[in-house]
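Q: Sequence:
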Amino acid sequence: MDAQATANLLRFFRELDDPRAANASHQLGDILAIAIMAVMCGCQGWVAVETWARGNHHWLRGLLALPRGIPTHDTFDRVFGLIDPLKFEKCFQALTRQLVKGSGGMFLAVDGKTARRSYKNRWSNTAVHLVSAFVTQNQTVLGQLATDAKSNEITAIPKLLAMLDIAGLTVTIDAMGCQRRIVEQIHQQKGHWIISLKGNQTTLHEKVKCLMDEAILCGAKQANLGYFEQTQDKNNHGRIETRKVWVSNEVHWLGEEILEQWPQLRSMIVVELKRQDLGDITGKVSVERRYFISDHTHQDAGFFARGIREHWGVENGLHWRLDVQMDEDQCRLRKNHGAENFSRLRRLALNKLQRAQMLKDNGKPMKIGLKLKQQACGWSREFLLQALMA
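Offset between the sequence shown (1-based) and my numbering: plus 58.
Any given hint might turn out to be false.
Keeping only pairs whose Cα atoms sit at most 35 angstroms apart, straight-line, the calculated DSBU-like set for lysine-lysine is [unchecked claim]: (1) K342 - K148; (2) K422 - K248; (3) K279 - K256; (4) K302 - K342; (5) K145 - K302; (6) K256 - K302; (7) K171 - K279; (8) K267 - K256; (9) K267 - K332; (10) K217 - K145; (11) K302 - K265; (12) K171 - K148; (13) K145 - K279; (14) K248 - K145; (15) K302 - K171; (16) K171 - K429; (17) K256 - K171; (18) K302 - K267; (19) K279 - K217; (20) K302 - K279.
To be clear, the hints were calculated from the coordinates, so they are not data collected in a lab.
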């Protein structure tokens, strides 16, 4: 059973090339397996990975070959610094693809994050910036790609999307990704999209803003708008939030010039967020409107409200967990591809731990967070193997 768990995991990495010479002392599969299990147990660097492995040496000998014993932290650092990140990403996606079978209709949030301590020099802008594709409904990272040096997310998003099967998914992207070639690529890959509008598309943003604000003044029914409203009383934060969403398919009012540039554009969306701070004696209320475009032809405002809200949920569902619970921002790996590849190990561990459940005596799952699941992997080899199989 123990060996089967690691064998099932490593089969997804069979196509990964070993960057070392043929006479390498340690097998690549052993290095990968130890690194993955150690990160699932909460290790945050190669010294910690080696320490964990040496503490579990006898048990690991029953799972892995280990012809020359446990690799040193320098070996882990060198190997993961040399592994081709694109080939590693393909293996990662092969593993995660099975986790989201039947995910048609779900939202795929594409967003970027910087590993802040991964810079080579404090005075240089060389920190690794990673763009991730995150299925918000089942909290699964589908893929990840680092941006090119001296570049931004615009160049990485098309490359990442090209590596994914997004047919039937609705891709949500912030204003940085509001680019015609990105929209066209999503259409060609048979996906749908909801994209935020801001100043980088000034003409389109102003046109949508003008048309939708005027239509809202006329009233949702009179202007034939889809409408959704939700109020949340956030007592723990001392405020009340009201979200209103309007949707229009009357895109012909944008004019032929814009529609020629955006041929798949089918709907315009407005999200209005009203916040009232209960602790403010002045009764101050803040109101903010944001504007979006989409290729969906329906006017189900609740659908758009859910997709837009879940996109910002990537901050809590992915980025917060990586930073606070897995300490990604504190990681100081800077050698070659080490930072990018270690971040991929974190996302792999996140996917597995999200699905793993520790059961009570009555068979019901315990409600525990990611940090505690990592600790549980370190305390219980049985739970670690269960997580590997998840």
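Q: Given the proposed pairing of K171 with K429, does the C-alpha separation stay at or below 35 angstroms?
A: holds, 20 angstroms
Q: Given the hint that K267 pairs with K256, does the C-alpha gap stay at or below 35 angstroms?
A: Between K267 and K256 the Cα gap is close to 10 angstroms, so the pair holds against 35 angstroms.
Q: Going straight from one Cα to the other, do K302 and K171 come out at no more than 35 angstroms?
A: holds, 29 angstroms
Q: Do the alpha carbons of K279 and K256 lie within 35 angstroms of each other, as the hint requires?
A: With Cα atoms ~27 angstroms apart, K279 and K256 stay inside 35 angstroms; holds.
Q: Would you mind confirming whether the straight-line C-alpha gap from K217 to K145 stays at or under 35 angstroms?
A: Satisfied, since the Cα-Cα distance of roughly 13 angstroms is no more than 35 angstroms.
Q: When you check the alpha-carbon spacing of K171 and K148, does it fall within 35 angstroms?
A: holds, 20 angstroms
Q: Need the status of pair K302, K265: alpha-carbon distance at most 35 angstroms?
A: holds, 20 angstroms
Q: Quick one, are K256 and K171 close enough, alpha carbons at most 35 angstroms?
A: holds, 20 angstroms
Q: Would the pair K267 and K332 pass a check requiring their Cα atoms to be no farther apart than 35 angstroms?
A: holds, 18 angstroms
Q: Against the 35 angstroms threshold, does the CA-CA distance of K422 and K248 hold or violate the hint?
A: violated, 39 angstroms
Q: Decide if the proposed pair is consistent with the structure: K342 and K148, CA atoms, cutoff 35 angstroms inclusive.
A: Not satisfied, since the Cα-Cα distance of roughly 51 angstroms exceeds 35 angstroms.
Q: Does the structure keep K145 and K279 at a Cα separation of 35 angstroms or less?
A: violated, 52 angstroms
Hint violations for this structure: numbers 1, 2, 5, 7, 13, 19, all remaining hints satisfied.
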